[in-house]
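Quick note, the sequences are listed as chains A, B and C, same order.
Residue numbers for the first sequence, in our numbering: 1 to 276.
Residue numbers for the second sequence, in our numbering: 1 to 345.
Residue numbers for the third sequence, in our numbering: 1 to 287.
Note that these hints are calculated values from the structure, not bench results.
There may be inaccurate statements among the hints.
As the list claims (entries may be wrong) - Now the stretches of chain C that chain B is said to cover, found in silico as 3 or more residues with beta-carbon under 8 Å:
#1 4 to 18
#2 184 to 198
Said to hold, decoys possible - The calculated lysine-lysine pairs, modelled on DSS-like cross-linking and capped at a C-alpha distance of 30 Å, are:
#3 C:Lys25 to B:Lys33
#4 A:Lys5 to A:Lys108
#5 B:Lys220 to C:Lys9
#6 B:Lys108 to A:Lys5
#7 A:Lys270 to B:Lys220
#8 B:Lys220 to A:Lys224
#9 B:Lys215 to C:Lys157
#10 B:Lys215 to B:Lys164
#11 C:Lys9 to A:Lys5
#12 C:Lys66 to B:Lys33
#13 B:Lys339 to C:Lys9
#14 A:Lys270 to B:Lys335
#15 B:Lys339 to A:Lys259
#16 A:Lys216 to B:Lys278
#17 C:Lys27 to B:Lys51
#18 B:Lys278 to A:Lys78
#19 B:Lys335 to C:Lys124
#20 C:Lys27 to B:Lys223
#21 B:Lys64 to A:Lys78
#22 B:Lys223 to A:Lys224
#23 B:Lys223 to C:Lys258
#24 A:Lys22 to B:Lys339
As the list claims (entries may be wrong) - These stretches of chain B come out as covered by chain A in the derived footprint (C-beta under 8 Å, 3 or more residues):
#25 263 to 269
#26 285 to 298
Small disclaimer: the values here were computed from a predicted structure and weren't measured.
We treat Cβ as the ideally placed atom computed from N, Cα and C, and that holds for glycine.
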Amino acid sequence: MNIYKPELVEIKEIIDETPDIKTFRLKFKDEKLQNNFSFKAGQFAEYSVFGEGECTFCIASSPTRPEFLECSFKLAGKVTKAMRKLKIGDTMGLRGPYGNSFPLEEMKGKNVVFIAGGIGLAPVRCIIWNVLDLRSEFKDITIIYGARSVSDLVYKYEIQDWQNMPGVKTVVTVDPGGETSDWKGEIGFVPSIVEKVAPKNENTIAIICGPPIMIKYTFPVMEKLGFSEDSIITTLENRMKCGLGKCGRCNIGSVYVCKDGPVFTYHQLKELPDEF
Amino acid sequence: MKSFIVTRSQINSLAAELLSKNWSIFTQSEDRKRFKQCESESEISVDGNGKPSDVSFKELFFPKSETLFYFNRDNEELTLLDPAEPGTKTVIFGAKPCDAASVPVLSKVFNWDYNDEFFNKRVENTIVISIACSYSDESCFCTSVGLSPFSEIGSDLFLIPTEKDSFILKIVSEKGEKFINEFPFMIQKEFEGTFDLENQKASFPKEKFDFASVKEWLGKNFKDEIWNEVGELCLGCAQCAYVCPTCHCFDIVDENCGVSCGRRVKNWDSCQFGLFTKHASGHNPREDQSRRYRQRVNHKFNYYKQRFDEILCTGCGRCTRGCPVSIDIAQVLEKIQCKQSAAIV
Amino acid sequence: MNQLIESAKDIFQNNKAAIIIGYTKDKSGRTKPFIAHNSDEAEKLTFNHHAVNNLAVYLTRLEKPKDGKIGIVAKGCDIRAINALIQENQIRRDDVLIIAMNCNGVVENQNEEFSKENTQIKCKYCQLRTPNNYDFLLGELEDFELPEDSQQELMNKLEAMTPEERWNFWESQFGNCIKCYACRQVCPLCYCEQCIVEKSMPQWIETSSTTRGNFSWNLIRAFHQAGRCIGCHECERVCPMDIPLTLLTRKMGMIAMKEFNYKHGMNINEPTLIGTYSTSDNEDFIK
Ligand code: SF4
Ligand code: SF4
Ligand code: SF4
Ligand code: SF4
Ligand code: SF4
Ligand code: FES
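Only chain A is shown next, with the shape it has when bound in the complex:
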């Protein structure tokens, strides 16, 4: 089998999330594949625009909603630039799913705190819906999401739904200066909002995704709130290429982020050489 050859998918819907982020809703061209495709929250895939190349993103839709796959991407290079030009009905390539996943089983019966910044909400959104779709198996849920400004918030249309759900506490924030005149959410950087919301650490697992700088300042806050290193989970945005543990790009210490990750606990990250 040619492990490098993607399957063909069709773009069914395009959502303009922010000025530089779009979400694609994709479906396999081959119906059988669509029906058999299964993945776990936290896994990623390699998406291709033929003639331009491949790009790695997490799968942003939930495994509990298998009718389609979604990915959200930010304009950052050659391939994402080409992706932005695609239209509904266009064909792309997809290889995957790859990598490990969020420890869903372990989270059952516990409180869950989701913390995300910017486009870091994409992998978190996948697990949020996964958890919400199995709501009764989890205890209290807290979602803290921040972006630079109101226009940089992704999945605005769903945040509303989360806010309306019982037993789900959803706090949305924008960086100071990023608010609009009618902004009703919080104003402040994610780490300080986390400190303010102060989720409880007992029987709780926290999932944190976002830009490196946000992660860097949020970890100490979590520690201060009494979260253990093993109960804090993140996913690494390490530059990947093959997704198959071959090309060497994602190698950090003896770990291959594409195979052993992308999901790591804070504890595991601390054990790795400082190269991410």
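Here the structure of chain A is known, so what remains is to put chains B and C with the ligands in place on it, guided by the hints.
Chains B and C with the ligands in isolation, oriented as in the chain A frame:
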């Protein structure tokens, strides 16, 4: 497995017969640059005394640029097409033990979980006939990484020169056995004596460092001034990785050949290039050459061992011989071993 | 090389430079680049017939020391590179301390004894055995006639070829390239922050190592060196595939000489050829 006595002229006949049956034959070029394809049996080199080729034979298993698939956008429909399978049966004559040993080492990374059939097909189709090595220079260090001029690892057949134009032909792998059985004239005269390896050991390159101590030190010391010392001088080319028989990093890129078609290719790449780990956001976790050289040494002598239980180096010395600024990887490892010894005392 | 060590120690003791880029002999007897940071390390400096590397490459690669100049041991061809970098505004004369060496030629193979016949090709047409820009000048110049320039013969042969023959010649040469970019990394004049092969928007050069991709890479690099190559032959020395890269760059240097009477890196006060334009320029070479 059995051994036989063969002569140089029998080896030539073998090559001639292979050529007549459309096998590809590769051997070291006269200038010892690389492995070249032979058109006639007279070109094959089975010379234990020659320098290892400047570029290893890895490109025969893992080409510098390999098509993964073609895409075609004709009449609105997009189709993907697999490239032709690398079907040619190949024999490599006169590989060095430090060449041959790289094949099983590479096989590990190309076959954990996902199998890279491009690599596997080529390995499957290739018979490696190595020759015991009597060359050694200041850059060689096979004996420090658990190999020797007589290592048979990775070979299918192994030649040991005895007297002039005569060799012991050892059958090493099952594949080698099956292959050689097809050529009865090669297995006429069984070698029944024993070859005294002990006698040869005096002429082996001396062990330059103790691998276990090096690995132990690397595991404990991520930050150290040694990386700055080397990194300051290292120019960050990828000569060392590209000539190396075990380096296997690659990039995947698309190439268009017209408006409606193109191909996706796997190209050699290396952790020595600054762009290798640069994220689209501009962030680069290995931003300077000292970090990149540290990755090279750690990947080879620490991480790969942890992960695949193999040393990602056969001690062939190519990287050192070819380095534009003569960075000697064995000297770096010797230094590390000294640091480890000092730490123990 | 006591003279060199003495001056290097003096430089450190009087804080005339923060580091000195030079050569040392390693324990296997190879002469290779070395950076001395203090007068103890200065003891290890050496200069001999195997000091082939063009150390000027480090001037744009190393971080500028905070506490002083970069000292550099330089023979004629290295000086040409330093001059060229000054002409191209990449470094300032005041930031470097040049310890120049009178040079009698270098031999590429570390295990070969020196004789004037087996020097590198560059030495066979060298015009700068006595450097022309320095803070200190050391070493003795032996008086001898330069041996025959063996590359000239090959150049004549290439010139006599039909375009098709020449194309085939280069196709077989470039076909061997493995894109290790050692030629670029070792070149003192390839100092671009982002090399054109690394630009992907748009993709100028195919990164694959195929005949087509190799042609675009090797030719574009040659063109970027048009009238800039200072003839240190480092690219050719380090190429693991032994591609005769300097045939192209040298030829372009010769054209620059013939058409514009210009040779790069000879005089730091001269404006660069590529950076100047005159209406009286001879355009014979564009045909
Ligand atoms: S070949 Fe030498 S200079 Fe080039 S990257 Fe390797 S160690 Fe550095
Ligand atoms: S690292 Fe150097 S010595 Fe080791 S296998 Fe590679 S080229 Fe040979
Ligand atoms: S040493 Fe570097 S180039 Fe070689 S395999 Fe390891 S990571 Fe890849
Ligand atoms: S080109 Fe001139 S200065 Fe350079 S090494 Fe040769 S003789 Fe010396
Ligand atoms: S040094 Fe030689 S093989 Fe390497 S990129 Fe340059 S021309 Fe190609
Ligand atoms: S992305 Fe290629 S090895 Fe992980």
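### Message
Against the 30 Å threshold, does the CA-CA distance of B:Lys108 and A:Lys5 hold or violate the hint?
### Response
holds, 21 Å
### Within 8 Å of chain A's CB atoms, at least three CB atoms from the segment 285 to 298 of chain B: coverage verdict
holds (count 5)
### Message
Verify this for me: three or more residues of the segment 184 to 198 of chain C with a beta carbon less than 8 Å from a beta carbon of chain B.
### Response
That given contact holds, which follows from 4 residues of the segment 184 to 198 of chain C lying within Cβ reach (below 8 Å) of chain B.
#### Entry: Hint consistency between C:Lys27 and B:Lys223 [alpha-carbon to alpha-carbon, up to 30 Å]
OK: C:Lys27 and B:Lys223 at ~25 Å, within 30 Å.
### Query
Regarding the pair B:Lys223 and C:Lys258, is the alpha-carbon distance no greater than 30 Å?
Measuring from Cα to Cα gives roughly 54 Å; hence the hint is violated.
### Query
Are the Cα atoms of B:Lys223 and A:Lys224 separated by 30 Å or less?
Holds, at roughly 28 Å.
### Message
Next pair to validate is B:Lys278 with A:Lys78; report whether the Cα-Cα distance is within 30 Å.
### Response
holds, 14 Å
#### Entry: Restraint status (C-alpha distance of C:Lys25 to B:Lys33 at most 30 Å)
Measuring from Cα to Cα gives roughly 26 Å; hence the hint holds.
### Task
Would you mind confirming whether the straight-line C-alpha gap from B:Lys215 to B:Lys164 stays at or under 30 Å?
violated, 42 Å
### Query
Is it true that the CA of C:Lys9 sits at most 30 Å from the CA of A:Lys5?
violated, 61 Å
#### Entry: Restraint status (C-alpha distance of A:Lys5 to A:Lys108 at most 30 Å)
violated, 36 Å
### Pair hint outcome, B:Lys339 versus A:Lys259 [Cα-Cα no greater than 30 Å]
With a Cα-Cα distance of about 33 Å, the restraint between B:Lys339 and A:Lys259 is violated, given a limit of 30 Å.
Checked against the numbered hints above, the structure breaks hints 1, 4, 5, 9, 10, 11, 12, 15, 19, 23, 24 and satisfies the rest.
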